[in-house]
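Visitor: Residue numbers (the numbering used here), protein chains in the order written: chain A, 1 to 234; chain B, 1 to 107; chain C, 1 to 553.
In case anyone wonders, no lab produced these hints; they're calculated from the structure.
Every residue gets a Cβ at the ideal spot worked out from N, C-alpha and C, and that includes glycine.
Heads up, a few of these hints could be off.
As the list claims (entries may be wrong) - Here are some chain C residues pointing at chain A (derived, C-beta under 8 Å):
hint : residue
1    : F120
2    : R193
3    : A196
4    : T228
5    : I242
6    : L247
7    : V252
8    : G457
9    : R461
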Amino acid sequence: MSEDATLSHSAEHASEPHTHGHHHPFLQHHFEDMGQQHEASTLGMWFFVAQEILFFGGIFCAYFIYREMYPEAWKAGSHHQNWQIGAANTIVLIGSSLTMALAVWGAQQAKRKFTTLMLILTLVLGGIFVGVKGYEYAEHIHEGLFPGSMFTFVQQDAPHLTPGVHLFMTFYFVMTGLHALHMIIGAGLLLWFIKRTWRGDFGPEYYSPVEIMGLYWHFVDIVWIFLFPLLYLV
Amino acid sequence: MQDHENYSGHTAPHHAAPLGMYFAVFAALMVLTVITVWVSRIDLGAMNTAVAMAIAIVKATVVILWFMHVIHSPRMTWIVVISSFLWLAVMFVFFFSDYLTRGWNIY
Amino acid sequence: MTSTTIDDAPFIEPSTRERRNYLNDEYGVLSWLLTRDHKRIALLYLFSVTTFFIVGGIIAFMMRLELLTPEGDMFTSDTYNKLFTLHGVVMIFFFLIPAIPAVMGNFILPIMLGAKDLAFPKLNLLSWYIYMIGGTFGIIVIITGGVDTGWTFYTPFSTQYSNTKVFATTLGAFITGFSSILTGLNFLVTIHRMRAPGLTWYRLPLFVWSMYGTSVIIMLATPVLAITLVMLMVERVLRVGIFDPALGGDPVLYQHMFWFYSHPAVYIMVLPAMAVISECVAAFTRKKIFGYKFVAFSSLAIAFLSFLVWAHHLFVAGISIYSALIFSFLSMFVAVPSAIKVFNWTATMYKASVSWQTPMLYVMGFIGLFTIGGVTGLFLAALGVDVHVHDSYFVVAHFHYVMVGGTIMAYMAGIHYWWPKITGRMYPEWWGRLSALLVFVGFNLTFFPQFLVGYVGMPRRYHAYAPEFQVLNVLSTAGATVLAVGYLLPIIYLTWSVKFGRKAGANPWGAVGLEWATTSPPPKENFHETPVVTWEAYDYPAFLKAMKETQDV
Chain A
1 MSEDATLSHS
11 AEHASEPHTH
21 GHHHPFLQHH
31 FEDMGQQHEA
41 STLGMWFFVA
51 QEILFFGGIF
61 CAYFIYREMY
71 PEAWKAGSHH
81 QNWQIGAANT
91 IVLIGSSLTM
101 ALAVWGAQQA
111 KRKFTTLMLI
121 LTLVLGGIFV
131 GVKGYEYAEH
141 IHEGLFPGSM
151 FTFVQQDAPH
161 LTPGVHLFMT
171 FYFVMTGLHA
181 LHMIIGAGLL
191 LWFIKRTWRG
201 DFGPEYYSPV
211 EIMGLYWHFV
221 DIVWIFLFPL
231 LYLV
Chain B
1 MQDHENYSGH
11 TAPHHAAPLG
21 MYFAVFAALM
31 VLTVITVWVS
41 RIDLGAMNTA
51 VAMAIAIVKA
61 TVVILWFMHV
71 IHSPRMTWIV
81 VISSFLWLAV
91 MFVFFFSDYL
101 TRGWNIY
Chain C
1 MTSTTIDDAP
11 FIEPSTRERR
21 NYLNDEYGVL
31 SWLLTRDHKR
41 IALLYLFSVT
51 TFFIVGGIIA
61 FMMRLELLTP
71 EGDMFTSDTY
81 NKLFTLHGVV
91 MIFFFLIPAI
101 PAVMGNFILP
111 IMLGAKDLAF
121 PKLNLLSWYI
131 YMIGGTFGII
141 VIITGGVDTG
151 WTFYTPFSTQ
161 YSNTKVFATT
171 LGAFITGFSS
181 ILTGLNFLVT
191 IHRMRAPGLT
201 WYRLPLFVWS
211 MYGTSVIIML
221 ATPVLAITLV
231 MLMVERVLRV
241 GIFDPALGGD
251 PVLYQHMFWF
261 YSHPAVYIMV
271 LPAMAVISEC
281 VAAFTRKKIF
291 GYKFVAFSSL
301 AIAFLSFLVW
311 AHHLFVAGIS
321 IYSALIFSFL
331 SMFVAVPSAI
341 KVFNWTATMY
351 KASVSWQTPM
361 LYVMGFIGLF
371 TIGGVTGLFL
381 AALGVDVHVH
391 DSYFVVAHFH
401 YVMVGGTIMA
411 YMAGIHYWWP
421 KITGRMYPEW
431 WGRLSALLVF
441 VGFNLTFFPQ
451 FLVGYVGMPR
461 RYHAYAPEFQ
471 VLNVLSTAGA
481 TVLAVGYLLP
491 IIYLTWSVKF
501 GRKAGANPWG
511 AVGLEWATTS
521 PPPKENFHET
531 PVVTWEAYDY
541 PAFLKAMKET
551 QDV
């Protein structure tokens with residue numbers, strides 16, 4: 001995400017085609033040209049996504065190990081999740097991925113209004129997702145399923161599974177919590193991008209910030225694609 | 001390794017993908033989500049997890065290739081994506097090599 | 001060739017003495033604290049890591065004072081537990097992991113590539129601030145009572161039973177990890193996308209190859225530490241049982257996840273050291289490194305193999321014996337690429353005309369001591385031996401040989417080697433040589449006895465020991481005193497040299513590399529014109545010819 005040039009200059013020139021010798025207002029001084037800057041920022045975001053894959057991957061691995069150790073408790077824990085809500089939320093999130101991808105498409109073609117709309121839709125859909133998760137969390141807390149000292153739940157039909165259910169719920173909250181945190185950070189970034197898009201910063205010469213925002217958002221979507229069946233559909 | 005890896009200077013590359021592609025991908029993801037839920041209601045025993053993960057992997061692949069444009073991306077992007085999943089596979093394989101063999105008899 | 005300073009030939013010196021450089025380009029505290037210049041950021045790191053090194057060193061010295069006598073008479077066992085924990089945390093997270101990459105990598109890597117800066121200069125500055133925030137947590141912990149779990153934070157002691165500042169420490173380590181990740185990311189993108197025209201992969205200095213390997217490890221391993229520490233913090237705060245056996249958790253899972261990062265982490269510490277050694281060997285033998293491609297690919301091999309061995313830290317923790325056998329074999333195998341490097345450096349020196357400046361003395365120290373450390377690692381990789389010496393001073397000696405005898409020696413070599421480039425001044429050579437000698441003697445006196453006491457049974461992390469171990473412990477403490485002097489002297493004379501040292505030209509060592517093709521200190525944008533590389537790696541005649549041609553134009 002590059003530094004801002006002066007407002008009026010950038011708004012006028014950013015979406016114009018590149019003319020020989022004309023220095024793009026968003027070209028950072030240590031790069032040769034916009035192409036190199038684009039390639040560098042895209043590659044940089046991919047490396048960041050790679051380390052995020054390892055970050056989430058670690059807790060997924062721990063999840064699978066305990067799932068192998070406590071299959072019954074994992075099943076019982078999963079039954080406390082409302083799969084219909086989970087499925088609906090999955091659709092919402094994949095929808096937000098669509099609007100995000102369309103926003104990248106629009107930014108590349110300097111379609112300022114279309115792109116802004118798509119980004120707003122992404123933000124709204126993401127907000128719905130987080131809101132629904134908040135509702136789910138409130139329900140779980142109400143049922144005494146929040147891990148730690150607030151955990152008052154007892155698995156009535158199989159009391160011996162209660163500690164395993166506790167462990168499952170711990171993984172549930174940590175995994176979906178980290179996921180939601182990433183979405184909230186993404187939402188903050190989206191707000192900033194909505195502002196920049198409306199200002200007319202992006203065009204065929206310079207749209208990599210939107211593209212890398214898209215990469216981040218799609219990655220967060222992919223994490224959920226795995227979380228949904230693992231937590232809701234055991 | 002070729003010299004084109006060394007950045008030699010050119011302006012912004014590719015043209016935008018056709019709009020229809022994004023909607024087709026979205027439709028595919030919706031179908032796969034429905035399948036995931038439907039299959040989970042059927043009891044396949046130990047295969048449930050495998051099938052659910054297989055479908056999730058297909059969904060993730062679709063997102064990566066088309067929404068994230070990897071299918072049109074340079075070779076380096078492919079290397080980064082594949083390597084990170086490879087490393088994850090190393091973690092899973094070696095962790096489970098301990099957990100699954102703990103119960104085995106030594107002699 | 002063997003004079004105390006090598007002055008460059010006139011044609012390498014710019015014809016008009018360049019006055020403006022990155023140091024005097026702008027003045028004021030904010031011009032440093034808000035800089036985007038990778039060279040200034042490197043110096044910010046130099047200042048911070050040196051401070052943490054001194055803190056960690058003082059703690060070590062306190063431990064060695066306690067160990068002069070067999071009884072635990074200086075500190076209580078609880079206090080001693082805090083000392084060794086903090087020594088480990090400070091030295092590993094706040095010194096060894098950042099040191100060579102963030103100081104030398106930051107300064108030299110872009111210049112070696114012919115670039116104006118790293119790919120993401122602002123991210124680079126952010127890295128430093130994140131590191132400082134994490135480090136601040138460390139300092140706060142030290143001041144407010146410390147932490148006693150060992151730098152490894154093994155559960156369930158760290159999560160359920162310890163009454164010390166576990167959360168704050170792990171949070172500090174977690175935060176600092178991001179600094180590391182961002183630096184690695186920056187290096188990878190810069191190496192891939194910002195090389196100067198003509199700089200193909202096989203023309204790159206071996207420093208770049210090793211920093212590349214380091215960055216790969218950083219990107220793939222550090223996030224696993226991050227998630228492990230998150231889980232640890234959750235367990236501590238919420239009192240859940242992710243790793244607590246009483247609540248269904250597995251403490252060995254914590255160890256698996258912790259060491260999945262922490263083993264590759266030691267290669268994050270040693271690969272950059274090897275990077276420096278390659279450069280210094282080439283420079284002070286004035287030869288192309290023997291087996292360039294072998295050394296280059298060994299960096300990548302180390303990056304890969306380092307991820308396959310972590311459970312050798314868990315041999316006696318209760319993992320399955322089949323798993324242990326696999327890890328034991330792989331741990332032997334990981335020594336091979338490191339050995340390849342040692343063989344190639346040695347082969348480079350064969351029949352070469354070697355100059356024995358301070359950096360080269362540290363290089364020789366590295367090669368010998370790293371070999372000893374590495375070989376004792378093979379002892380530990382053998383299951384049967386490990387059962388015997390696990391948690392003894394043998395292990396302590398092993399890792400200090402590779403981390404101090406290895407990494408810190410290379411760090412000192414690099415500091416001295418690139419000092420003229422960074423500051424435009426030469427350090428006083430005889431003081432440099434004296435310090436190198438003191439470090440070498442002090443180091444061996446400190447740590448060799450530890451192999452001996454460890455092998456016959458002295459356990460680590462204890463403030464008291466059996467009386468028969470006293471003589472060797474006294475020798476070890478004596479060595480630590482010498483070592484401390486050896487480290488203190490450079491801090492003094494290097495600081496002195498900034499103002500009073502002999503002015504250095506662009507290429508005081510007559511070495512090959514783009515960093516020697518620009519002035520000392522370099523201008524803010526590193527080069528006045530983007531260089532075009534026409535010479536192979538370490539090709540002395542071609543490089544010097546190219547330099548002459550640049551001057552003659």
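Visitor: Does the CB of G457(C) sit less than 8 Å away from some CB of chain A?
Guide: Nearest chain A Cβ about 35 Å off; hint violated.
Visitor: Holds or violated: R193(C) as interface residue toward chain A, Cβ cutoff 8 Å?
Guide: holds, 5 Å
Visitor: Hold the hint about F120(C) up to the distance rule: shortest CB distance to chain A must be less than 8 Å.
Guide: Result: holds, 6 Å to nearest chain A Cβ.
Visitor: Was the hint right that R461(C) lines chain A, CB cutoff 8 Å?
Guide: It is violated, given that the least Cβ distance between R461(C) and chain A is near 27 Å, above 8 Å.
Visitor: Quick check on L247(C) please, does its C-beta sit within 8 Å of some C-beta on chain A?
Guide: holds, 6 Å
Visitor: With a cut-off of 8 Å, does the beta carbon of A196(C) approach a beta carbon of chain A closely enough for the hint to hold?
Guide: violated, 10 Å
Visitor: With 8 Å as the cut and Cβ atoms as the points, is V252(C) at the interface with chain A?
Guide: With a closest approach of 10 Å, the V252(C) hint is violated.
Visitor: Quick check on T228(C) please, does its C-beta sit within 8 Å of some C-beta on chain A?
Guide: holds, 6 Å
Visitor: Would the hint on I242(C) be counted as holding, given a Cβ-Cβ threshold of 8 Å to chain A?
Guide: holds, 6 Å
Against the hints set out earlier in the document, violations occur for numbers 3, 7, 8, 9.
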